[in-house]
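Those protein sequences? They're chains A and Z, same order as listed. In this text, residue positions in the first sequence follow our numbering: the first is 1, and each later residue adds one. In this text, residue positions in the second sequence follow our numbering: the first is 1, and each later residue adds one.
By construction, these hints were calculated from the structure, which means they are not laboratory data. You may find that some hints are simply not true.
Pairwise CB distance ranges (calculated) [as the list claims (entries may be wrong)]:
no., chain 1, residue 1, chain 2, residue 2, range
1, Z, Arg258, A, Val245, 47 to 55 Å
2, A, Arg243, Z, Ala292, 50 to 58 Å
3, Z, Arg91, A, Pro178, 34 to 42 Å
EDC-like, lysine to aspartate or glutamate: derived pairs with alpha carbons at most 20 Å apart [what the hints assert, rightly or not]:
no., chain 1, residue 1, chain 2, residue 2
4, A, Lys227, A, Asp202
5, A, Lys176, A, Glu97
6, Z, Lys236, Z, Glu338
7, A, Lys176, A, Glu192
8, Z, Lys124, A, Glu97
9, Z, Lys124, Z, Glu112
10, A, Lys227, A, Asp259
11, Z, Lys62, Z, Asp127
12, Z, Lys236, Z, Asp218
13, Z, Lys236, Z, Asp181
14, A, Lys227, A, Asp180
15, A, Lys176, Z, Asp65
16, Z, Lys124, A, Asp174
17, A, Lys176, Z, Glu338
18, A, Lys176, Z, Glu112
19, Z, Lys62, Z, Asp149
20, A, Lys176, Z, Asp149
21, A, Lys23, A, Asp36
22, A, Lys23, A, Glu69
23, A, Lys176, Z, Asp51
24, A, Lys23, A, Asp247
Stretches of chain Z that chain A covers, calculated by requiring three or more beta carbons in the stretch to come under 8 Å of a beta carbon on chain A [unchecked claim]:
no., stretch
25, 247-260
26, 305-318
Cβ coordinates follow ideal geometry from the N, Cα and C atoms, glycine included.
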Amino acid sequence: MTVAVVQGVSVWGPGLPSWAAAKAVLCGTDDYVVTDVALPPPSLLPANERRRASLATRLALVVAQQASETAGVAPGSISSVFATSNGDGAVVHTILEALATRQPVSPTQFHNSVHNTAAGYWSIATGSQQATTCIACHDATAAAALLKAVAEVHAERRPLLLCVYDEPLPAPLDAKHPTDGTFGVGLVLAPEDASAGMARIDVRYAGSSEGVADWLPRLSALHRLAKGNPAARLLRLLESLARQVPDTFSMPLLDGRVDVRLEPCSPADRFLN
Amino acid sequence: MQPLNLTAMTAVSAIGTGSAATLRALRSRCSGLRPRDFAGIADGYIGQVDDLETHGLPSTLKHFDCRNNRLADTALRTDGFVGAVAAARRRYGADRIAVVVGTSTSGIQSGEAAYQARDPVSGKLPDGFDYRHTQDMFSLADFVRSALDLHGPAMVVSTACASSARTFIDAYQLIASGICDSAVVGGADSLCAMTLRGFASLDLISPNACRPCDANRDGISIGEAAGFALLEREGKGPALIGYGASSDGHHMSAPHPRALGAIAAMRAALGSGNLSPADIDYVNLHGTGTRANDAMEDMAMVEVFGTSTPCSSTKGWTGHTLGASGILEALIACLCIEHGLIPGCLHIGALDPDFRARVLINNEPRAVRRVMSNAFGFGGINCSLIFGSSG
Numbered sequence: 001m002t003v004a005v006v007q008g009v010s011v012w013g014p015g016l017p018s019w020a021a022a023k024a025v026l027c028g029t030d031d032y033v034v035t036d037v038a039l040p041p042p043s044l045l046p047a048n049e050r051r052r053a054s055l056a057t058r059l060a061l062v063v064a065q066q067a068s069e070t071a072g073v074a075p076g077s078i079s080s081v082f083a084t085s086n087g088d089g090a091v092v093h094t095i096l097e098a099l100a101t102r103q104p105v106s107p108t109q110f111h112n113s114v115h116n117t118a119a120g121y122w123s124i125a126t127g128s129q130q131a132t133t134c135i136a137c138h139d140a141t142a143a144a145a146l147l148k149a150v151a152e153v154h155a156e157r158r159p160l161l162l163c164v165y166d167e168p169l170p171a172p173l174d175a176k177h178p179t180d181g182t183f184g185v186g187l188v189l190a191p192e193d194a195s196a197g198m199a200r201i202d203v204r205y206a207g208s209s210e211g212v213a214d215w216l217p218r219l220s221a222l223h224r225l226a227k228g229n230p231a232a233r234l235l236r237l238l239e240s241l242a243r244q245v246p247d248t249f250s251m252p253l254l255d256g257r258v259d260v261r262l263e264p265c266s267p268a269d270r271f272l273n
Numbered sequence: 001m002q003p004l005n006l007t008a009m010t011a012v013s014a015i016g017t018g019s020a021a022t023l024r025a026l027r028s029r030c031s032g033l034r035p036r037d038f039a040g041i042a043d044g045y046i047g048q049v050d051d052l053e054t055h056g057l058p059s060t061l062k063h064f065d066c067r068n069n070r071l072a073d074t075a076l077r078t079d080g081f082v083g084a085v086a087a088a089r090r091r092y093g094a095d096r097i098a099v100v101v102g103t104s105t106s107g108i109q110s111g112e113a114a115y116q117a118r119d120p121v122s123g124k125l126p127d128g129f130d131y132r133h134t135q136d137m138f139s140l141a142d143f144v145r146s147a148l149d150l151h152g153p154a155m156v157v158s159t160a161c162a163s164s165a166r167t168f169i170d171a172y173q174l175i176a177s178g179i180c181d182s183a184v185v186g187g188a189d190s191l192c193a194m195t196l197r198g199f200a201s202l203d204l205i206s207p208n209a210c211r212p213c214d215a216n217r218d219g220i221s222i223g224e225a226a227g228f229a230l231l232e233r234e235g236k237g238p239a240l241i242g243y244g245a246s247s248d249g250h251h252m253s254a255p256h257p258r259a260l261g262a263i264a265a266m267r268a269a270l271g272s273g274n275l276s277p278a279d280i281d282y283v284n285l286h287g288t289g290t291r292a293n294d295a296m297e298d299m300a301m302v303e304v305f306g307t308s309t310p311c312s313s314t315k316g317w318t319g320h321t322l323g324a325s326g327i328l329e330a331l332i333a334c335l336c337i338e339h340g341l342i343p344g345c346l347h348i349g350a351l352d353p354d355f356r357a358r359v360l361i362n363n364e365p366r367a368v369r370r371v372m373s374n375a376f377g378f379g380g381i382n383c384s385l386i387f388g389s390s391g
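Only chain Z is shown next, with the shape it has when bound in the complex (with noise of 0.2 Å):
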């Protein structure tokens, strides 16, 4: 693939707002997650952005109002990303610019909120509950696209827990074919009750903060984020130099048993950027704090790269964040390289004693050229990043 540079990126989750904030945090090995009672649902730890509640959006964007979006609003005016946008817009064009990006649940937070507020004789839902713009899955993209004054094409890519990764994909395509010369790609999901809800009836939430890779890990944190990334040939910055995604073909929600879709992610990833194992200084997992994932993954990983290739989760700072993940952790890769820095899983009593994968668990200050990123969801849908340093 022809690598496609990352010229402008922004991300907020629960370990702060912005590159600085959030590199802070990884530094200081500070955990954004909280026991918390969010929609009135008590269980475990969730990783919360703050002040959304009262957060409002531009006059002219009023009827996009939901927490998703608000979460992308409050990651657009972050580290610059609106200025970027709006000089990569007198460059090319405002309809040469794309909007890709990922979502898994959009507004839903609206349509739990209409659902309780419907007419108890009729069964109608209030005439104020806008759903195109809020609950509808393509809020996201079209609430981005206003925002951001361009005209382009726009879609919102929806793949589970991969969304946002996907994004990096389906945008590199539509540059390379042409279609667009640039693209803004990451993505948005925030805290609901739906989310909450089901991953429970799944048991697949932790009581405790959670800690991937741990001998005792229990479960996820659901946390919320948004963050967004201008793609262009052009211009400086960290590139996306390589990538892979795959179906498991297995189940809807219990990842492969021989960890065989994302090993098919990951040496397709290797493959796009001709690039062999050894080139890789870090893996960031997937690694969600349940028990099938992080042992499929560390499969993986011992699969592709042996067992000496650096990795770790930083869920345990943000939480999951569903589709968003994707969007966030390329950001946290990007740091990684910028400021030459391992992060060390959080939470850790004891690793899982059967993994063999080398599973950091302190930070390392140390050079990092290129980062494998991963991210999977639910349907068995697998998306492998590599990001590096452009030139």
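Bound conformation, chain A alone (with noise of 0.2 Å):
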């Protein structure tokens, strides 16, 4: 058993603006509908450093700053797992076009086209000195860094932010894997004796990709997002979460799978949320 305790949870997508708004769509209160939110800035960044920042950038930003609100911990005073599948496709755009017509490299964009660029940013505008680390796992992405925050959990001892996000690759390469809408989501994760959270999370892997049909939210209005973009895979869990309901779901990991269960803690202890 491999145990955390959610703390804080954030989101940002297409129809979900925020935790609040997501969590009435997640529970059936209100119908969920796709409107066209600008994704708002993310207010610890200095300006200069905003401008300079990308969407996926900013998204990460923002869902990370969120979840650390909800949770009640400063921002960037805790480790963290950052996870994306495309990056910044849109940076790495930029400089494969100007390889291509020998044109100049920005060093700018040289710098932020690396995989941590969110970290880096995060932790710039936090002034952290935390560790982090930043992966990646194609479209189970958000299955292995699933696993691998509550593992950092378990083995450490100390809670985590972790912050997951995908935004559509740029033409032409968004042709070679398509991304449906710009979604991003966080989660503070505590340790198992943590005092208080919203739920228990046991999560553990298995060799076989039996019992992965059971990830997609209950929702099926959300079944497109939670299909066309690697961070919406958690909607299950962020359905469940909203909802406070125990859950056992599988989310798939190449040939593999992730067997999460999800207890929500008991209403004295939910005074986070």
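Since each chain sits alone in its own frame, please combine them into the complex, following the hints.
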């Protein structure tokens, strides 16, 4: 049993512009309506850095900040795991175009092309010296990230911020990995002896892909997003967190799967949300 | 932390394929850096691995074909690594061994070629360009897991030049939490126009073979490398006995002016291993050869260790192999322990007179029990690992 307690959550995606709004949709109170809402600026990032940061990075920072706030932890005060499949695709595309046309490569674009760009800006924005790791696992990025994050909390006995985000690749790369929507999730996870939280989650890896069908959210209106954006594979977990119901589901990870068991904390322990 | 044994280990770089060749080059102080024109880019020196252009992947893995996976395949086939993993697979089961490998640019060279072959009218990339199995960041872990017939959890760790160093920490946490019993760690980064041109745009490429810690050092030489290690609680071999990680929280590409992130990572590594600075016999520096990095690291060395602990950079041999530097220098650390050797920096005319750490410029044969290895990267990310003999 590898266990962590969810202490904070955030989400930003099409029709899901905040955790409060998403909660109403995920609980079935509000209909799911896709509206075009602009991503709020990451207020922690200084204005000049904000101008240099891509949409993917700003998305990651917004959900990282909001998850920290809902958990009541100072932004940057805990270690972090950032996970994305496509990374900063727009930046990589700009560099590939420059190389193909023998144009100069911009130094700012180059240092913003690394997979850990969002983690770097997060530490700069929060003045944090906390450790971070940044992972990728193609369409199974969310499953691998959840497994990795809970394992780190369990092994280190310290809370951490998990930030999973993806935006579509720009043309012409988009044809090679179609991605729907711009979607990010933040979770603050604490060791199992944490005094308060929203839910306990227990993860384990199994080397067989049997039983992976039940990772989709119950709300069929969200299936397209859940299937189309690697980060949105966490929608099932968000839905059970919002509804505060026990749940067991499996997320595919290559030819294996990550089994997740979620148990809401007792109401007395839920003061955080 | 509970030590983890490196029961098998391999690396390939410009100084050779495998442990024996790497040790030979270190002992003979023979650099692998050469002036070279790679991909039409003529500046400076590079640390290139020969024969990758003609290296073929096994027929069942052809869809992964790109320079980065060819480099990884070369490493997997060296030092009996495939055989050691097969034995571990029988001991633990294929689903109990994780693949946690690092890269900063994956198979981006395939993307560079695809962008040059775009349809002039539609702008479409060629149909034959397999993004998922080449350029996509996860391609390396997918390839390694397939090549080793493993069925455990897999992920790519991509934290710029600290990528493969960080895989030791992420794999340790997976093993310590019971998710798996063993892990293949390490990584690969291969030469490509993106990094050569990108570092040039930051004015960080030396026109000469790089000379870390020299008074007149003037930048990095980029190299390529791949390497892997098998981590297990059981077994024999050198062991990971400490680790530390931190962020600078300062700048995307410039090191912290007071070395606070590096100091924090080095102290955390000592703390996790219950070690004091006096327990470390040698520090293999990140030591890239840029003015800023080496000065920052000297400051960190003096703050954590004082002025008597021997240290050096081996990038004068291999070049800066970016995300692969962590695993390549882990192999070098283990060779130092196994063979009683401390390599002194290469290409030194005169040490930087402002440095106060004890930087070695000649090889010293001596007993080495524990080595700290540093890796720092863009985004202000720092990892320090400590290796020692097991038992």
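Hint check:
no. : hint                                : in the structure
1   : Arg258(Z) <-> Val245(A): 47 to 55 Å : holds (50 Å)
2   : Arg243(A) <-> Ala292(Z): 50 to 58 Å : holds (51 Å)
3   : Arg91(Z) <-> Pro178(A): 34 to 42 Å  : holds (41 Å)
4   : Lys227(A) <-> Asp202(A)             : violated (23 Å)
5   : Lys176(A) <-> Glu97(A)              : holds (16 Å)
6   : Lys236(Z) <-> Glu338(Z)             : holds (12 Å)
7   : Lys176(A) <-> Glu192(A)             : violated (40 Å)
8   : Lys124(Z) <-> Glu97(A)              : holds (13 Å)
9   : Lys124(Z) <-> Glu112(Z)             : holds (14 Å)
10  : Lys227(A) <-> Asp259(A)             : holds (18 Å)
11  : Lys62(Z) <-> Asp127(Z)              : holds (16 Å)
12  : Lys236(Z) <-> Asp218(Z)             : violated (41 Å)
13  : Lys236(Z) <-> Asp181(Z)             : holds (15 Å)
14  : Lys227(A) <-> Asp180(A)             : holds (8 Å)
15  : Lys176(A) <-> Asp65(Z)              : holds (16 Å)
16  : Lys124(Z) <-> Asp174(A)             : holds (10 Å)
17  : Lys176(A) <-> Glu338(Z)             : violated (46 Å)
18  : Lys176(A) <-> Glu112(Z)             : holds (14 Å)
19  : Lys62(Z) <-> Asp149(Z)              : holds (15 Å)
20  : Lys176(A) <-> Asp149(Z)             : violated (26 Å)
21  : Lys23(A) <-> Asp36(A)               : holds (18 Å)
22  : Lys23(A) <-> Glu69(A)               : holds (16 Å)
23  : Lys176(A) <-> Asp51(Z)              : violated (29 Å)
24  : Lys23(A) <-> Asp247(A)              : holds (16 Å)
25  : 247-260                             : holds (count 8)
26  : 305-318                             : violated (count 0)
Checked against the numbered hints given earlier, this structure breaks hints 4, 7, 12, 17, 20, 23 and 26; the rest are met.
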